[in-house]
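The lines below spell out each chain.
2 protein chains.
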Amino acid sequence: MKNILICGAGRSATDLIDYMLKHAEEHDWNVTVGDISVEAAATKIDGHPRGKAVFFDSNDEEIMQRYIKDADIVISVLPPGMHAAVAKVAVEYNAHVVTASYASSEMLELHEKARNRGLTLLNELGADPGIDHMNGMRSVDRIKAKGGELLAFTSFCGSLVTPESNDNPWGYKFTWSPMNVITAGDGGARYYQNNQLRCVPYHRLFADPHEVNLPGFGKFEAYANRDSLPYRKKYHLEDIPTMIRATLRFPGYCEGWNAMIQLGLTANNYRIEGSENLTYRQWISSYLPRGNSDTLEEKLAQCINTAQKSELFQRILWTDLLTERPITRVNGTPAEILLDLLLDKWEFKQGDTDMLVFYDRQEYKIGDQFYEHLSYMVTKGQDHAHTAISRTVGLPAAIGAKLILNGEIKSRGVVFPLLKEVYEPILNELDALGIGFTSHDNRIEKSQLLYS
Amino acid sequence: MKNILICGAGRSATDLIDYMLKHAEEHDWNVTVGDISVEAAATKIDGHPRGKAVFFDSNDEEIMQRYIKDADIVISVLPPGMHAAVAKVAVEYNAHVVTASYASSEMLELHEKARNRGLTLLNELGADPGIDHMNGMRSVDRIKAKGGELLAFTSFCGSLVTPESNDNPWGYKFTWSPMNVITAGDGGARYYQNNQLRCVPYHRLFADPHEVNLPGFGKFEAYANRDSLPYRKKYHLEDIPTMIRATLRFPGYCEGWNAMIQLGLTANNYRIEGSENLTYRQWISSYLPRGNSDTLEEKLAQCINTAQKSELFQRILWTDLLTERPITRVNGTPAEILLDLLLDKWEFKQGDTDMLVFYDRQEYKIGDQFYEHLSYMVTKGQDHAHTAISRTVGLPAAIGAKLILNGEIKSRGVVFPLLKEVYEPILNELDALGIGFTSHDNRIEKSQLLYS
Chain B
1045 MKNILICGAG RSATDLIDYM LKHAEEHDWN VTVGDISVEA AATKIDGHPR
1095 GKAVFFDSND EEIMQRYIKD ADIVISVLPP GMHAAVAKVA VEYNAHVVTA
1145 SYASSEMLEL HEKARNRGLT LLNELGADPG IDHMNGMRSV DRIKAKGGEL
1195 LAFTSFCGSL VTPESNDNPW GYKFTWSPMN VITAGDGGAR YYQNNQLRCV
1245 PYHRLFADPH EVNLPGFGKF EAYANRDSLP YRKKYHLEDI PTMIRATLRF
1295 PGYCEGWNAM IQLGLTANNY RIEGSENLTY RQWISSYLPR GNSDTLEEKL
1345 AQCINTAQKS ELFQRILWTD LLTERPITRV NGTPAEILLD LLLDKWEFKQ
1395 GDTDMLVFYD RQEYKIGDQF YEHLSYMVTK GQDHAHTAIS RTVGLPAAIG
1445 AKLILNGEIK SRGVVFPLLK EVYEPILNEL DALGIGFTSH DNRIEKSQLL
1495 YS
Chain Z
1045 MKNILICGAG RSATDLIDYM LKHAEEHDWN VTVGDISVEA AATKIDGHPR
1095 GKAVFFDSND EEIMQRYIKD ADIVISVLPP GMHAAVAKVA VEYNAHVVTA
1145 SYASSEMLEL HEKARNRGLT LLNELGADPG IDHMNGMRSV DRIKAKGGEL
1195 LAFTSFCGSL VTPESNDNPW GYKFTWSPMN VITAGDGGAR YYQNNQLRCV
1245 PYHRLFADPH EVNLPGFGKF EAYANRDSLP YRKKYHLEDI PTMIRATLRF
1295 PGYCEGWNAM IQLGLTANNY RIEGSENLTY RQWISSYLPR GNSDTLEEKL
1345 AQCINTAQKS ELFQRILWTD LLTERPITRV NGTPAEILLD LLLDKWEFKQ
1395 GDTDMLVFYD RQEYKIGDQF YEHLSYMVTK GQDHAHTAIS RTVGLPAAIG
1445 AKLILNGEIK SRGVVFPLLK EVYEPILNEL DALGIGFTSH DNRIEKSQLL
1495 YS
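Protein chains in written order, with the working numbering: chain B, 1045 to 1496; chain Z, 1045 to 1496.
Please note that the accuracy of each hint is not assured.
Note: identical chains are not told apart, hence a pair may lie in one copy or across any two.
Said to hold, decoys possible - Below, a list of computed lysine to any residue pairs in the SDA-like style, where the Cα atoms sit at most 20 angstroms apart:
1. Lys1343 / Asp1252
2. Lys1046 / Lys1113
3. Lys1343 / Leu1241
4. Lys1278 / Glu1317
5. Lys1046 / Tyr1111
6. Lys1263 / Arg1405
7. Lys1389 / Leu1366
8. Lys1343 / Gln1237
9. Lys1277 / Glu1317
10. Lys1343 / Asn1239
11. Lys1157 / Arg1456
Quick caveat, the hints were computed from the structure, so don't treat them as lab data.
With the hints as extra help, turn the sequences into a complete structure.
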């Protein structure tokens, strides 16, 4: 018998919990789900005899110890900042750990101790980071295995609404952490393009999106995703000339979001005293040049360099930014004030479905011949609870946990899904569950290389 | 006998220490100067029989207690983040506190306890904040005393080199904390203008400076200084239509610095992996559009929207940003990398002198008649050690400490120099020391109001 503790019963835990319960009998697992809302945990367990819902709070050391000490493995789907605290206790009580988030420096510090104790701390095992890593590394290993020399690695991923649920001019709803969407990219982006370092400051990040055409799914646009520089080393491609990771949106989004940034509405590093006394129209007016001759609409159009009848302007209008709607946030940051408005306008509603889009393209050569390797996947949510996010974040983590418990993942310490023993069985099982990549290699002319 | 502890013996402590030692015999003071460099402290004391140099580290609780427990008053000229730790120990051991920095929330939390113990924690008693507050509040009180209704409060302050030491195209040298200059304004700025809230995002803060003409000293330019909103309340001007605080520079600086911001070189929220392997020319190239047809100089000029023969472009060239000078900073943030270059180019050299410039203008009316109240001061440093910064930061703090010790400042708890019992004797003594304001009131026409 093995004891599994799942920390967190939020939106992205649905398919993870379902998977663990579904396989509990077969593997003789007991599954405890802990959340600050016991009801939320109980609802997801839905009376399954192998499941138990408990109150769990990662700020309460005693509660953490109580449930972690009996666990063989802990799967944390708490907010990213809380994984390290959970992992620390887990290592103390000899439990393995799985998370779907980037490993923090506190997590990395646990490496030695976990390895010495024969424990695996498997991180970045969700959708992005997670599936992107696994498919990327598999592509690299396959290209290398046939003697290819990699010239470019580009990886695109987006969490979007399905075209069927796409009913607003931004082509976007909050399928994922809303505040992260508001402040996305505020540290700018870095990548390598044809052996040149490229740095993109935040105020230019959304200004010039890259177009991506996905066979069968049409056009998307992409903005560079934070820091691609460390991925040369991570993917064992130290000298690859081009390394770009990017985030996908439906066309038009980046132009609209760029306007929000240019206006200054996404800043999260200062508070506006008395914001609760303003309407959105008064607030937006405070960012525009003064002068009484022009209407607010005229000044806004001028400030974002567009015409009032443009799609861009209509997109801004649609958000209600120019209405006399009162701001409710007390002494809010601009990002918080904007968030409150968009939480309403971009709500992922009952009946809406989401989708995850992955699109990778590698360029390589064998001898004098050039090739591209394409791999892509679009996964749609089944319903409002079993979203694509829940499936693509939760299932890799679930399968990873199973592989550790069954002894099939043998690496110890802090581990990433860039190891073949991790990515191969997980991608294979995801494929069998209908979350599989389509891939093909094409011979191309040297002139068709995009990044040389 | 009274024991005075001065924490910090850095550049801005020179005149503070001199003042306390000069008046030590007369008031029966013992002056202990603590610094992580005992030599620095000893040098400033220069063998004075009333002075003692000790090792002091605000990260070491035991050391702090050792020296604070015997002190009647602690004057902290440590970096701003360290005042609260010092003040906490001081309140515990019944010592008053004086600082020249903005009061942090941790400092404000000490208010009740300090008041109950009969202690004064006098903050913001330097140049800016400090002299600006005192002169501003005095102006307000004077205008109100003669029945004036205030319409606009504008306050400008700058730490600059003297015209005699101004030998570079930026008109700037580091007379003050260099990193604060690099990241200045990165939270944008807020103020009220004619009853309208104005928010300026960082990437527009330096784009449109305000011109200030100082009688006898020529033209300066100003960018808005952080958050002016709370100053309506602080100066008891809750309903004043215009409230603007701003920072002064010599003409041309803002246009140049705006280019640095537009390029993205001032960001301090991410690190560039491997920055130590680049030259400045390679680094700057990473921010410019690709394409081999144009030279880097052409691309740069285009990116900052200027001609290569413009003064702006020459100002950028002068920094050596376009040279193959190697970057030494390992995994640096852009701000750090730029700082390293400018530390050299903008060095405040032996033989250079600095100056502090204050310029305030209030608009008010009495009955149907409109007036402006102007007050301004330019203080130049005497030499490289007795700088204008050291005099204008150190002397208010020194006089404030004396007034507390002599029982002339009676307010307890966290106190600011906006009280008449604080600002009046300090401004009077500063005036006698040659740091005095020139001020006059002029009748003006309604059409001459700048901010209506």
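Do the hints match the structure? See the list:
| no. | hint | verdict |
| --- | --- | --- |
| 1 | Lys1343 / Asp1252 | between (23 angstroms within a copy, 17 angstroms between copies) |
| 2 | Lys1046 / Lys1113 | within (13 angstroms within a copy, 58 angstroms between copies) |
| 3 | Lys1343 / Leu1241 | between (37 angstroms within a copy, 16 angstroms between copies) |
| 4 | Lys1278 / Glu1317 | between (44 angstroms within a copy, 13 angstroms between copies) |
| 5 | Lys1046 / Tyr1111 | within (14 angstroms within a copy, 58 angstroms between copies) |
| 6 | Lys1263 / Arg1405 | within (15 angstroms within a copy, 57 angstroms between copies) |
| 7 | Lys1389 / Leu1366 | within (14 angstroms within a copy, 46 angstroms between copies) |
| 8 | Lys1343 / Gln1237 | between (38 angstroms within a copy, 17 angstroms between copies) |
| 9 | Lys1277 / Glu1317 | between (45 angstroms within a copy, 11 angstroms between copies) |
| 10 | Lys1343 / Asn1239 | between (42 angstroms within a copy, 19 angstroms between copies) |
| 11 | Lys1157 / Arg1456 | within (10 angstroms within a copy, 52 angstroms between copies) |
This entry satisfies every hint, going by the numbered hints stated previously.
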